[in-house]
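4 protein chains.
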Amino acid sequence: MKIIVEEKTALTAHAEFRVRFSEVDAMDIVWHGNYARYFEDAREAFGEKYKIGFHDILQAGYTTPLVELSFNYKRPLLYGQKAKVEVFYKKTDAAKVILEYEIRDYESSMLLATGRTVQVFLDRQNQLVLSNPDFYLEWKRRNGL
Amino acid sequence: MKIIVEEKTALTAHAEFRVRFSEVDAMDIVWHGNYARYFEDAREAFGEKYKIGFHDILQAGYTTPLVELSFNYKRPLLYGQKAKVEVFYKKTDAAKVILEYEIRDYESSMLLATGRTVQVFLDRQNQLVLSNPDFYLEWKRRNGL
Amino acid sequence: MKIIVEEKTALTAHAEFRVRFSEVDAMDIVWHGNYARYFEDAREAFGEKYKIGFHDILQAGYTTPLVELSFNYKRPLLYGQKAKVEVFYKKTDAAKVILEYEIRDYESSMLLATGRTVQVFLDRQNQLVLSNPDFYLEWKRRNGL
Amino acid sequence: MKIIVEEKTALTAHAEFRVRFSEVDAMDIVWHGNYARYFEDAREAFGEKYKIGFHDILQAGYTTPLVELSFNYKRPLLYGQKAKVEVFYKKTDAAKVILEYEIRDYESSMLLATGRTVQVFLDRQNQLVLSNPDFYLEWKRRNGL
Chain A
377 MKIIVEEKTA LTAHAEFRVR FSEVDAMDIV WHGNYARYFE DAREAFGEKY
427 KIGFHDILQA GYTTPLVELS FNYKRPLLYG QKAKVEVFYK KTDAAKVILE
477 YEIRDYESSM LLATGRTVQV FLDRQNQLVL SNPDFYLEWK RRNGL
Chain B
377 MKIIVEEKTA LTAHAEFRVR FSEVDAMDIV WHGNYARYFE DAREAFGEKY
427 KIGFHDILQA GYTTPLVELS FNYKRPLLYG QKAKVEVFYK KTDAAKVILE
477 YEIRDYESSM LLATGRTVQV FLDRQNQLVL SNPDFYLEWK RRNGL
Chain C
377 MKIIVEEKTA LTAHAEFRVR FSEVDAMDIV WHGNYARYFE DAREAFGEKY
427 KIGFHDILQA GYTTPLVELS FNYKRPLLYG QKAKVEVFYK KTDAAKVILE
477 YEIRDYESSM LLATGRTVQV FLDRQNQLVL SNPDFYLEWK RRNGL
Chain D
377 MKIIVEEKTA LTAHAEFRVR FSEVDAMDIV WHGNYARYFE DAREAFGEKY
427 KIGFHDILQA GYTTPLVELS FNYKRPLLYG QKAKVEVFYK KTDAAKVILE
477 YEIRDYESSM LLATGRTVQV FLDRQNQLVL SNPDFYLEWK RRNGL
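Protein chains in written order, with the numbering used here: chain A, 377 to 521; chain B, 377 to 521; chain C, 377 to 521; chain D, 377 to 521.
Everything hinted at is true.
Pairs count within a copy or across copies, as identical chains cannot be separated in the list.
EDC-like, lysine to aspartate or glutamate: derived pairs with alpha carbons at most 16 Å apart:
no. : residue 1 : residue 2
1   : K460      : E478
2   : K458      : E424
3   : K466      : E476
4   : K458      : D417
Hints are computed from structural coordinates only; laboratory data are not their basis.
Can you make the complete structure from the sequences, with help from the hints?
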């Protein structure tokens, strides 16, 4: 039996945002579902920085839908609040992209939320790919993983 | 010069909805941008009822992006409120789909909002189609327009 | 040390939905963040059925923001697909509301996604309440828990 | 009879954005309803620049819900595209806030969409205010209108 381990890496990216009026709910805090957009902002920054964005992956013949997404809400995000969302790439031998997230207040760096996404690879026939695609192995090598 | 007129028709469809918690903003009323979803619900009901939905149009070789969208907000929609959104097809000679909308309280029928969308036809090369596609002329005929 | 256990209960509710055009992304499947709305639909149905909705809780002097939210995506949801989202109440001694969710295809009952939310109680001063509020203990009793 | 005229002013603000994956629909263009968020970004920038944001108005004892919102879509916005949204304040004697919007490609300045919002003033009892609130008259004066 092969144990799949995950390891921290130095690969990280971030995005900044200011809470929009439309993101806040009747409790005057950001509606929990909207955090998926903040994570996406960080993921897109990561994809652009490390050349592994939606279009890079599509060009290699794959898409990478999410199979897991989780949030831990620690402190509320308020209307107008400026915040930073960071994403950290986790190394794994599985044919997956595993990312972890932290949202912090922009000024105080207070931790507001954490989360995690797991993405798999589908080929052009929308079939799940069980072993690492060549382009992904190559990408890992280029990034010293 | 040809004057394009719009005429009321008997073609109408509707959808019902209950205001979700996530749709309400910090003023405790539905955030204005969310009305686009209610209109969409009515438009989809219309597409299904009259066989002119997204997939019907796609199969005929076209897409119909919106070129105009407008809302008139008359009374606020509140969290938990049950409402009905009706859509009315407007006849026109132009190669367009023109729809008008009314949102009413489900119980009292009080008018809460109105609106309008205009859609054009793009062909498979994403080029604007200036004359009515055959399938659309045929659809109009079938519906007595 | 007190071990907090969670137990299944018979308390369940559900909602039905049809995937909207606006919920689908460029991969032609529902964008992962939109599942939060489906869970919300089930949670609201639960709140209404068992008289523990947002307004019931507010009237008792509390709000119940989410502290955890997770999704497991098993099969894609497609535009136009009709589905059912069920929610199951988990019993716990902690001052929390723990709910689990299942999304299934409406016709085939095929499992499409699962998930979980954990909510805590805040009082009128927005302070975390560590022991079960009286109204919640009473609610549990009324429901045989 | 008093004719209400609207006049252009020099008061303007803008925001920049990059189209997110989640904002794009199955036609691979930004879903029309999402433009409301871009307009909001510009409106918030305007509110902050000229000290007439949601909280400024709330502090003066009012809220300003939208009563009209319209969009003209001229060219599609694509995933990843960088764009700029500008907002222009229109002078009026009515007790309203009238704003016009332009979305342009960030690089080429090509016009992609225009729009307009009209907001009214509600007092603390949520009653419509028919004459200009003092704080708004004072704000206009301070801004040379």
